[in-house]
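Residue numbers (the numbering used here), protein chains in the order written: chain A, 1 to 217; chain B, 1 to 255; chain C, 1 to 218.
By construction, these hints were calculated from the structure, which means they are not laboratory data. Hints are supplied without guarantee of correctness; some may be wrong.
What the hints assert, rightly or not - Part of the chain C face toward chain B, derived, beta carbon under 8 Å:
{"id": "1", "residue": "Asn-117"}
{"id": "2", "residue": "Glu-119"}
{"id": "3", "residue": "Ala-123"}
{"id": "4", "residue": "Leu-126"}
{"id": "5", "residue": "Phe-200"}
{"id": "6", "residue": "Val-201"}
{"id": "7", "residue": "Arg-216"}
{"id": "8", "residue": "Tyr-217"}
To be verified - Rough simulated footprint, nothing fancy, chain B against chain C, three-plus residues with beta-carbon under 8 Å:
{"id": "9", "stretch": "127 to 133"}
{"id": "10", "stretch": "163 to 169"}
Ideal Cβ positions, reconstructed from N, Cα and C, are used throughout, including at glycine.
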Amino acid sequence: MTWPAIRTILDGAVVTAALAAVSILLSLPLGLLVALLRWRRVPVVSGLLATFVSVVRATPFVTLVLFVYFILPSAGLELNPVPAAILALTLNTAAFSSEIWRSALQTFPLDQREAAMAFGMSEAGTFTRIVFPQIWRANLGPLVSEVTILLKCTPAVAVIGVVEITRAASRVGAETYEPLPPFLVATLIYTALIAAIVRGQRVVERRIARRFGSVSP
Amino acid sequence: MAENAPAISVRGVCKDFGGFEVLRDIDLDIATGTTTCILGPSGSGKSTLLRCLNWLEEPSVGSIRIDGKPIGRTGEGKAAKPMDRRELAAARTRIAMVFQHFALWPHLTVLGNVTEAPVHVLGRPRREAEEEGRAILARVGLAEKADMYPHTLSGGQKQRVAISRALAMTPRVILFDEPTSALDPEMVGEVLGVIRELAREGLTMVIVTHEMSFARDVADTIVFMEGGCIREVATPHDFFTAPRSDRAKGFLFRS
Amino acid sequence: MNGLLVVWESRDVFLLGAANTVSLVLGCLLFSIPLGILGAVVLMEASAPLRRLLAELIDLLRCVPFLLLAYVVYYGLPELGLRLDSWWAGLLSLTIYTTAYLAEIFRSAFFAVAKDNIEAAHAFGLSRSLLYRRIILPQVAITAAPMIGNQVITTIRDSALLMIITVQELTFAANFVSANHFTPFAPFAAAVGLYLLMSFVVEEGVRRMERVRKVRYG
Numbered sequence: 001m002t003w004p005a006i007r008t009i010l011d012g013a014v015v016t017a018a019l020a021a022v023s024i025l026l027s028l029p030l031g032l033l034v035a036l037l038r039w040r041r042v043p044v045v046s047g048l049l050a051t052f053v054s055v056v057r058a059t060p061f062v063t064l065v066l067f068v069y070f071i072l073p074s075a076g077l078e079l080n081p082v083p084a085a086i087l088a089l090t091l092n093t094a095a096f097s098s099e100i101w102r103s104a105l106q107t108f109p110l111d112q113r114e115a116a117m118a119f120g121m122s123e124a125g126t127f128t129r130i131v132f133p134q135i136w137r138a139n140l141g142p143l144v145s146e147v148t149i150l151l152k153c154t155p156a157v158a159v160i161g162v163v164e165i166t167r168a169a170s171r172v173g174a175e176t177y178e179p180l181p182p183f184l185v186a187t188l189i190y191t192a193l194i195a196a197i198v199r200g201q202r203v204v205e206r207r208i209a210r211r212f213g214s215v216s217p
Numbered sequence: 001m002a003e004n005a006p007a008i009s010v011r012g013v014c015k016d017f018g019g020f021e022v023l024r025d026i027d028l029d030i031a032t033g034t035t036t037c038i039l040g041p042s043g044s045g046k047s048t049l050l051r052c053l054n055w056l057e058e059p060s061v062g063s064i065r066i067d068g069k070p071i072g073r074t075g076e077g078k079a080a081k082p083m084d085r086r087e088l089a090a091a092r093t094r095i096a097m098v099f100q101h102f103a104l105w106p107h108l109t110v111l112g113n114v115t116e117a118p119v120h121v122l123g124r125p126r127r128e129a130e131e132e133g134r135a136i137l138a139r140v141g142l143a144e145k146a147d148m149y150p151h152t153l154s155g156g157q158k159q160r161v162a163i164s165r166a167l168a169m170t171p172r173v174i175l176f177d178e179p180t181s182a183l184d185p186e187m188v189g190e191v192l193g194v195i196r197e198l199a200r201e202g203l204t205m206v207i208v209t210h211e212m213s214f215a216r217d218v219a220d221t222i223v224f225m226e227g228g229c230i231r232e233v234a235t236p237h238d239f240f241t242a243p244r245s246d247r248a249k250g251f252l253f254r255s
Numbered sequence: 001m002n003g004l005l006v007v008w009e010s011r012d013v014f015l016l017g018a019a020n021t022v023s024l025v026l027g028c029l030l031f032s033i034p035l036g037i038l039g040a041v042v043l044m045e046a047s048a049p050l051r052r053l054l055a056e057l058i059d060l061l062r063c064v065p066f067l068l069l070a071y072v073v074y075y076g077l078p079e080l081g082l083r084l085d086s087w088w089a090g091l092l093s094l095t096i097y098t099t100a101y102l103a104e105i106f107r108s109a110f111f112a113v114a115k116d117n118i119e120a121a122h123a124f125g126l127s128r129s130l131l132y133r134r135i136i137l138p139q140v141a142i143t144a145a146p147m148i149g150n151q152v153i154t155t156i157r158d159s160a161l162l163m164i165i166t167v168q169e170l171t172f173a174a175n176f177v178s179a180n181h182f183t184p185f186a187p188f189a190a191a192v193g194l195y196l197l198m199s200f201v202v203e204e205g206v207r208r209m210e211r212v213r214k215v216r217y218g
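Pulled out of the complex, with its shape left as it was, chain A reads as follows (with noise of 0.2 Å):
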């Protein structure tokens, strides 16, 4: 493969990690914020959040950017690929990530909330002092292992042809007629990646185990 071939992968490379970025900066939040609702059993909402998730979760990724893509003109949108890949690539990890902070929700102990409303707590600062510090640190494992999920979704959106490194290489494989180069070059690029994440994870978690101890509320 030329250089240039390979510049063209690398930059799809850029491409994707920033819609990684975007993705879980967005959906980590929001999957919480559907935990919360479904946790607090708000009515309606809930119920609708609930079949929200298990669609998602039902839902083959790349049916779900198909779907979302073409939908979005009929909303009255502009058919762009880009904010349809954020999208769907957000509401997949917001409805996976909820299932994590749900669980850590449901399991929180029930006697570290009732010490901080005997203190005086508010519901609200309950959440954002006690409960929320908690429960991020000691499910900072299967958080980032959402992230190297989502990375593992990514290739989905060159479907709606989102230039990422999928995408990237099975333009260099039309132009070059050999495609197996480029999607090989490809997969190197992704396993280091998300190697490199995993590695990451583990270090992080050995650096709070060691800051806070073990943590598993």
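Since the structure of chain A is already known, use the hints to place chains B and C on it.
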């Protein structure tokens, strides 16, 4: 040779775990048809010795024979070589074991636990094994539990199932590894009652236990261990009334 | 309601697509469950170098996005002189990928079987193969059912990516109908409905195993 051979003979068995000697040069013969209780403080090596008898622990040196036939290694001294898995499995069918924490197979019914090894290891016809299994369960007072799963039973009932599972193998020897120490006090009696009954019938049994009065009552031989060595082999009467070693005296005094 | 009509009129396309998805997933499980069990047995029993090699390979595969594996298999096989049509290439890549995850699931489930349980099997003279067939696997089938169910749903989700290498599965069908009739909502909603149905079936299977577990393990 096998005619008059002891049910179990242990020669020169040593066992160390990473440089720590748990058993030192153990020699022991267990006569057929007798009940032997191994007593001793915790950490004395008595459970390790028991687990060496069916090779769940592999002695570092030494040999063990069941009914004159070697287990674990074939050949003597320098020429000894480890048995392969099949030979070892075959040798183990002659010695059954009852574990401290029952170790029943949770996915099988009570009867399934009892017939598993007879059917699949010894190759007995299922029908026959089930009939026999039900008869054994009736003997230990659990006839009506045959089709239940282990988790529905009390600790005492589980241990009686475990004993039935051992009996179903028609073994030469049954090993008991602290069979009552995981039980609630009110259930100890029912299990000891079953073992006592088996002793009366003349089964060969080796029992590691902390139940002193039971040992005194049921044993033909007491083996007292301390610090990885056998300090005393005696009749219950001699051991409990006139222990020879100071260590045994101290042990009896404390317990 | 024009969209619903389109879906109804294209029902053959959808049924064919769903049939392809189901047959790919079932075919994949047919191979990857035994292979996953075999992999887990190797991870438990084999010599240290072989164990490490397999563990590394599984870790590596778990870092690869499925679509890329499918591409590499699809374009790589002809280079090796093997011409498979897209359905078989899809089945092969789905099987390789799912096997890696199942091997890990089975390994941790094997590991979770109580030690004394296995020791009792040794003490009663069960051979290694009896130990796995009669003691370990039946317990794993019950206790690991939720994890295996999750993996099956993941495999169904992954199979949709095979549309990109032109396998005519369910998402391919939805996309095809939507493009031909310029009506996106109904075809994709129909596909999502069918995927939901499939995952309900899997979840029902897991629930049944869960009931078995309750009866046996309390």
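Checklist entry - Against the structure shown, which of the earlier numbered hints fail to hold, in ascending order? => result 5, 6, 10
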